[in-house]
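J.: Listed below are the residues making up each chain.
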Amino acid sequence: MKIKKLLVANRGEIAVRVVRACRELGIATVAVYSEADREAPHVQVADEAYAIGAAPASESYLVIDRLVQTARRAGADAVHPGYGFLSENALFAEACAQAGLTFVGPPATAMRRMGSKTAARTLARELGVPMVPGTLDAVATDADAALAAREIGYPVMLKAAMGGGGKGMRLVRRAEDLPEALRAARAEAGAAFGDSAVYLERAVVEPRHIEIQIVADTHGNVIHLGERECSIQRRHQKLIEECPSSFLDAALRARMGEAACRLARAAGYVNAGTVEFLVDADRNFYFLEMNTRLQVEHPVTEMVTGIDLVHEQLRIAAGEKLTLGQADVAWRGWAIECRVNAEDPFAGWLPSPGTITSLHAPAGPWVRDDSGIYEGYTVPRFYDTLMSKLIVWGADRDVACERMLRALGEYRVVGVRTTIPALTRIIAHPDFRAGRLSTAFLERVLPDLRPNDGRFAPIAVIAAVLAEHERARDIPTAPESAALPAWRVAGIRGWTRP
Amino acid sequence: MKYVATINDDARVVEIQNDGDRWRVRVGDEVWDVDARITAPGVYSLLIDGVSYTAGVLDRDGVCVVDVGGESYEIVLEEQTRHTIRTLGGATGGTRSRTLTAPLPGKISRVAVRRGDTVQAGDTLLVIEAMKMENEFKASGAGTVAEVRVTAGQAVNAGDVLIVMG
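For the record, the sequence lines run as chains A and B.
Its first residue numbered 1, the first sequence is counted upward by one per residue in the numbering used here.
Its first residue numbered 1, the second sequence is counted upward by one per residue in the numbering used here.
These aren't lab readings, by the way, just hints derived from the structure by calculation.
Mixed in with the good hints, there may be bad ones.
Residues from chain A that keep clear of chain B, each with C-beta distances beyond 10 Å, as calculated [to be verified]:
no., residue
1, R38
2, A57
3, A97
4, D177
5, A192
6, F193
7, H311
8, K321
9, G333
10, D370
11, S371
12, F382
13, G394
14, A440
15, G454
16, F456
Here are the in silico distance ranges between beta carbons for each label pair [to be verified]:
no., chain 1, residue 1, chain 2, residue 2, range
17, B, R60, A, A330, 46 to 52 Å
18, A, L449, B, R60, 17 to 23 Å
19, B, D33, A, P447, 36 to 42 Å
Partial chain B-side listing against chain A, Cβ under 7 Å, derived [claimed, not checked]:
no., residue
20, I7
21, V14
22, I16
23, G20
24, V25
25, V27
26, V34
27, A40
28, P41
29, V43
30, Y53
31, A55
32, V57
33, L58
34, G69
35, E71
Small disclaimer: the values here were computed from a predicted structure and weren't measured.
Backbone N, C-alpha and C fix where the C-beta goes; we use that ideal spot for every residue, glycine too.
Whenever a hint applies, use it, and build me the whole structure from the sequences.
T.: This is the structure in structure tokens:
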């Protein structure tokens, strides 16, 4: 059944990304927005847009009934959930199905089987996919957790059963720290996913985070599109991703890919999905969890395989067969993605919401900027801090690194603090350049990650003094711009320029 | 116009003069000839001896955040007089002077000590209102107040002796 009109149940750069794919395929688009998002880019790029509630996500982007009603009222025949929000919520997938809407994602049954981390681990064990030792089920009490932790051996990792995005995760090194970590992990999991269940795993020391992208159609075909390495994380949240991984050879890629496809097939999985693994220093891989949705970092796979994953998702949802077999998938060159977040990397990654007074995004050869911001846009404080994803492609890893540094150098965001200076320093770091990565990389190099080496101190002082001088001179002229009605200023590029 | 720029805990006096789009900027002992243009709000294109720099400048809570050359700087900028007030708060210290003098014209808003009081380092001696700011002056060392020459509400000129320590 061909999709004619699709509602994007999301916001930010991913909503824009999905709208772009729809437009390329001739599918009309419906955006939804909260009270905080009327001026957000996804509202402007979609064909239609409807308000769905107050700013907090729990009163808008997470309200299943309202999303389904909006889709029906707009005459949409499909819903794309993006990532985060309701993307891995089986109730939402079911509600869409019941309303006759095609859900662009896996069926609710597969989502339940793979979305619950504990159910997924049970399945992986049955299939003989290697796993980090841990509890198969959520731990009910603190005493159970303490017992399990002793059996598994410290350090252990606490994880939210329904989790993702690092929420509800805690590393526990000593038995005496367990009760507090449990309390914190449960509270975080409850707040983020509405389910406070947590389970335990042995923590693999300095592992690499390597995940396999799979796509599966409704006709039983499952293929993998290779790996992404996402070892550069802070607080279990990814910051830099790349495809391929400098740690994998063709044989290991084939083995991990085969394991991922085996899991997907057994779960009755359909659409795009990602199987996450930890890989230890001896190249042993362990199944971590499956993300039953499109990943934030999907573009690096697209750049290296030439496959548009959102196009594939939409074709699969429409019931079409995969156009590729496993043998047709080829990987060419190297892609790196950097997450440009509204955060202050040198002050504990503190969120930095605010108005972007000036924006210059990088461009040029093999540079892609999947952005959810514009000049004059105010980054709201209600949602995650991701503003845009900067992706570059190069013939090999060195070329890609140099290109990323070049592109980061062009990226100028004034008005909010961003991760750009930290990203620049990570990409330039000798260990990163040598491919010596692990999920502990960032924490290890962070203390040495200074905002500057003092090279441009005089230039910075000159710019600051000029700005101060300008400010002192400019204040009397402010009424001119203040006279512009607010609605004219908002979101219209260039109009606020002096 | 003279400023004091504090960057990486290092304070430098900066003096700027302009002639159209060209600026002469003295940073410490060095003089820079700068062709500066604002290309977007908060974005400064600087040409210095033919070298091109683009700096993004963001004022956040009185701290100037400058992104240039892939580096990020936090700079506290103060007009020079204001900086003098703030840092000369311990004017009673050292061997060279046991007197507190007013660094600029202002009004005494509060006198915290009386003749004969003993003070410790960090104790507030008095507060001068100048440039719409309350500037607190503290003792830099222990001592006894020998003389208080001003009272609250009194206007003072730069250089006036306010307090003499024994």
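J.: Each hint should be assessed against the structure and marked as holding or not.
T.: Against the structure, the hints:
{"no.": "1", "hint": "R38", "verdict": "holds (22 Å)"}
{"no.": "2", "hint": "A57", "verdict": "holds (27 Å)"}
{"no.": "3", "hint": "A97", "verdict": "holds (48 Å)"}
{"no.": "4", "hint": "D177", "verdict": "holds (34 Å)"}
{"no.": "5", "hint": "A192", "verdict": "holds (29 Å)"}
{"no.": "6", "hint": "F193", "verdict": "holds (34 Å)"}
{"no.": "7", "hint": "H311", "verdict": "holds (35 Å)"}
{"no.": "8", "hint": "K321", "verdict": "holds (47 Å)"}
{"no.": "9", "hint": "G333", "verdict": "holds (24 Å)"}
{"no.": "10", "hint": "D370", "verdict": "holds (21 Å)"}
{"no.": "11", "hint": "S371", "verdict": "holds (17 Å)"}
{"no.": "12", "hint": "F382", "verdict": "holds (21 Å)"}
{"no.": "13", "hint": "G394", "verdict": "holds (19 Å)"}
{"no.": "14", "hint": "A440", "verdict": "holds (24 Å)"}
{"no.": "15", "hint": "G454", "verdict": "violated (6 Å)"}
{"no.": "16", "hint": "F456", "verdict": "violated (4 Å)"}
{"no.": "17", "hint": "R60(B) x A330(A): 46 to 52 Å", "verdict": "holds (47 Å)"}
{"no.": "18", "hint": "L449(A) x R60(B): 17 to 23 Å", "verdict": "holds (20 Å)"}
{"no.": "19", "hint": "D33(B) x P447(A): 36 to 42 Å", "verdict": "holds (39 Å)"}
{"no.": "20", "hint": "I7", "verdict": "holds (6 Å)"}
{"no.": "21", "hint": "V14", "verdict": "holds (5 Å)"}
{"no.": "22", "hint": "I16", "verdict": "holds (6 Å)"}
{"no.": "23", "hint": "G20", "verdict": "violated (13 Å)"}
{"no.": "24", "hint": "V25", "verdict": "holds (5 Å)"}
{"no.": "25", "hint": "V27", "verdict": "holds (5 Å)"}
{"no.": "26", "hint": "V34", "verdict": "holds (6 Å)"}
{"no.": "27", "hint": "A40", "verdict": "holds (4 Å)"}
{"no.": "28", "hint": "P41", "verdict": "holds (5 Å)"}
{"no.": "29", "hint": "V43", "verdict": "holds (5 Å)"}
{"no.": "30", "hint": "Y53", "verdict": "holds (5 Å)"}
{"no.": "31", "hint": "A55", "verdict": "holds (4 Å)"}
{"no.": "32", "hint": "V57", "verdict": "holds (4 Å)"}
{"no.": "33", "hint": "L58", "verdict": "holds (5 Å)"}
{"no.": "34", "hint": "G69", "verdict": "holds (4 Å)"}
{"no.": "35", "hint": "E71", "verdict": "holds (4 Å)"}
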